[in-house]
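Asks: Read off the chains here:
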Amino acid sequence: AQSVTQLGSHVSVSEGALVLLRCNYSSSVPPYLFWYVQYPNQGLQLLLKYTTGATLVKGINGFEAEFKKSETSFHLTKPSAHMSDAAEYFCAVSGNTGNQFYFGTGTSLTVIP
Amino acid sequence: DTGVSQNPRHKITKRGQNVTFRCDPISEHNRLYWYRQTLGQGPEFLTYFQNEAQLEKSRLLSDRFSAERPKGSFSTLEIQRTEQGDSAMYLCASSSGRDRGNSPLHFGNGTRLTVT
Numbered sequence: 001a002q003s004v005t006q007l008g009s010h011v012s013v014s015e016g017a018l019v020l021l022r023c024n025y026s027s028s029v030p031p032y033l034f035w036y037v038q039y040p041n042q043g044l045q046l047l048l049k050y051t052t053g054a055t056l057v058k059g060i061n062g063f064e065a066e067f068k069k070s071e072t073s074f075h076l077t078k079p080s081a082h083m084s085d086a087a088e089y090f091c092a093v094s095g096n097t098g099n100q101f102y103f104g105t106g107t108s109l110t111v112i113p
Numbered sequence: 001d002t003g004v005s006q007n008p009r010h011k012i013t014k015r016g017q018n019v020t021f022r023c024d025p026i027s028e029h030n031r032l033y034w035y036r037q038t039l040g041q042g043p044e045f046l047t048y049f050q051n052e053a054q055l056e057k058s059r060l061l062s063d064r065f066s067a068e069r070p071k072g073s074f075s076t077l078e079i080q081r082t083e084q085g086d087s088a089m090y091l092c093a094s095s096s097g098r099d100r101g102n103s104p105l106h107f108g109n110g111t112r113l114t115v116t
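Note that the protein sequences, when read in sequence, are chains A and B. Its first residue numbered 1, the first sequence is counted upward by one per residue in our numbering. Its first residue numbered 1, the second sequence is counted upward by one per residue in our numbering.
Just so you know, the hints here were simulated from the structure itself, not pulled from any lab data. Where a beta carbon is used, it is the ideal one built from N, C-alpha and C, also for glycine. One or more hints might be untrue.
What the hints assert, rightly or not - Label-pair ranges, simulated between beta-carbon atoms:
| id | chain 1 | residue 1 | chain 2 | residue 2 | range |
| --- | --- | --- | --- | --- | --- |
| 1 | B | His10 | A | Thr110 | 24 to 34 Å |
| 2 | B | Ser66 | A | Gly16 | 17 to 27 Å |
| 3 | B | His10 | A | Lys69 | 42 to 52 Å |
| 4 | A | Leu20 | B | Arg81 | 39 to 49 Å |
| 5 | A | Asn41 | B | Glu83 | 16 to 26 Å |
| 6 | A | Lys69 | B | Arg59 | 29 to 39 Å |
The whole structure should be built from the sequences, with the hints applied where relevant.
Replies: See below:
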C-alpha cells in the first residue's frame, strides 16, 4: 500500500529565504508522486508531479521537487519565499491504476516579512 | 476547461437532517473522486467513479453516505441523518485518467458542511 509522510506540520521562513518542505513515501513499486497547495477555503491546486526517470521536477510558482529513490523522499523546495507562498502544502501518492490518491497530513507554511 | 465546480460552497444543517452536495467535473474527465478533509488534516479518500461506475469505496463511507454519478457526468454525495462528526470540507476532484496513476487530480473548491 502507498502512503506519504510529511515531516513538520508547520514551517516558518523569512521572506526571501529558502523553502524546504519534506515528504517521504512508502511504496512497493515506483510511485506516482504529487505536490499540491491549498489556500484558505479553497480546493487543492497541483504544484507539480513526478515524472518517471527525472530527479528534479519543476512546478508552478518557482517550486521544485527532488526525487531521491535511495531516501524514498520527494522534498519540495523554492529558492526564495514570497509572502504569497503562505498556504498549506500536501504531498500525495497514487498507485498504478489511479483509483486512489493518498495525501499526507500537510505542512502549513508561514512567510515572515 | 472551466474547472471542477461544487455546490453549495457552504451548508449548515441540524443534526439528523439529510444533505446533498453536487459536483460537476471537468467535462472531458471520466474519473471523479470524493474526499473529506477535516481541520489540520489531509484529504481522506471516500469514493471513486469511472464514468458512471462506482469502483472504489472507503471504509470511512458509512451506510449513511451514498454517492451517485448517473450519467457519468456530474455526481452527488448524500449524507443521511447527519451527525456532528460529519462536519468537514467535502472535496470533489476529477481526472482524465489518460496516464492512469500519473494523471493528477483537479479539485473543486469544496463544500464546507457544519452540523449543529
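Asks: Are there hints from earlier that the structure breaks, and if so, what are their numbers?
Replies: Structure breaks hint 2 only.
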